[in-house]
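**Q** Hey, can you work out the whole structure from these sequences and the hints?
Residue 1163 is where the sequence shown ends in the working numbering, and the numbering goes up by one at each step.
Fair warning: there could be bad hints in the mix.
Straight-line Cα separation of at most 30 Å, DSS-like style, residue types lysine-lysine; simulated pairs [to be verified]:
| no. | residue 1 | residue 2 |
| --- | --- | --- |
| 1 | 1103 | 1089 |
| 2 | 1103 | 1117 |
| 3 | 1034 | 1046 |
Hint data in this document are derived by calculation from the structure and do not stem from the laboratory.
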Amino acid sequence: MISSNNDIFGQWLSAEAQRVLAKIEADEPLTQDDKLIIVINGQMNHFHHLDVELRQDMRNLDIRLSQEVGALRADMDKRFGEVDKRLDRVDKRFEQVDRRFEQVDKRFEQVDRRFEQVDRRFETIHGVLRPSKFEGHRPTIRHGCRMALMVA
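**A** Set out below in structure tokens:
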């Protein structure tokens, strides 16, 4: 409805402008309404050119923004890719640390087994060294020396 009203007004204004131009060419005097028609017609032409320029500027802006957003998206993708690579490297380092801890745990298990073996040896040696007549008496180094002399 608005578009058709604009078209009707545009057609009327164009016809009136032609009529006023014909009066100017014929050197006829212009009325106040004639002068207003010339001014309005000039403004309509100006609006039309502004509209064309605005639409072109909007297209250019859309193209430029699309390119800039595309470039920013590509840059973000690149940066996120770099972050992913760094996180992968950190994960690998943690895996290496985990393997090292597993190796340390295995070494501690080996040391624990060795201590158990040493404990069994001490128990065996303690059982062999402990004569039955000294049971109940825990020899100290000083007592051990006396006992060694007594046994000898």
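**Q** Does residue 1117 sit within 30 Å of residue 1103, going by the straight-line distance between their CA atoms?
**A** 21 Å, holds
**Q** Is the hinted pair residue 1034 and residue 1046 satisfied, with a Cα-Cα distance of at most 30 Å?
**A** Satisfied, since the Cα-Cα distance of roughly 11 Å is no more than 30 Å.
**Q** Next pair to validate is residue 1103 with residue 1089; report whether the Cα-Cα distance is within 30 Å.
**A** It holds: about 21 Å lies between the C-alpha atoms, which stays within 30 Å.
Hint check: no violations occur; every hint is consistent with the structure.
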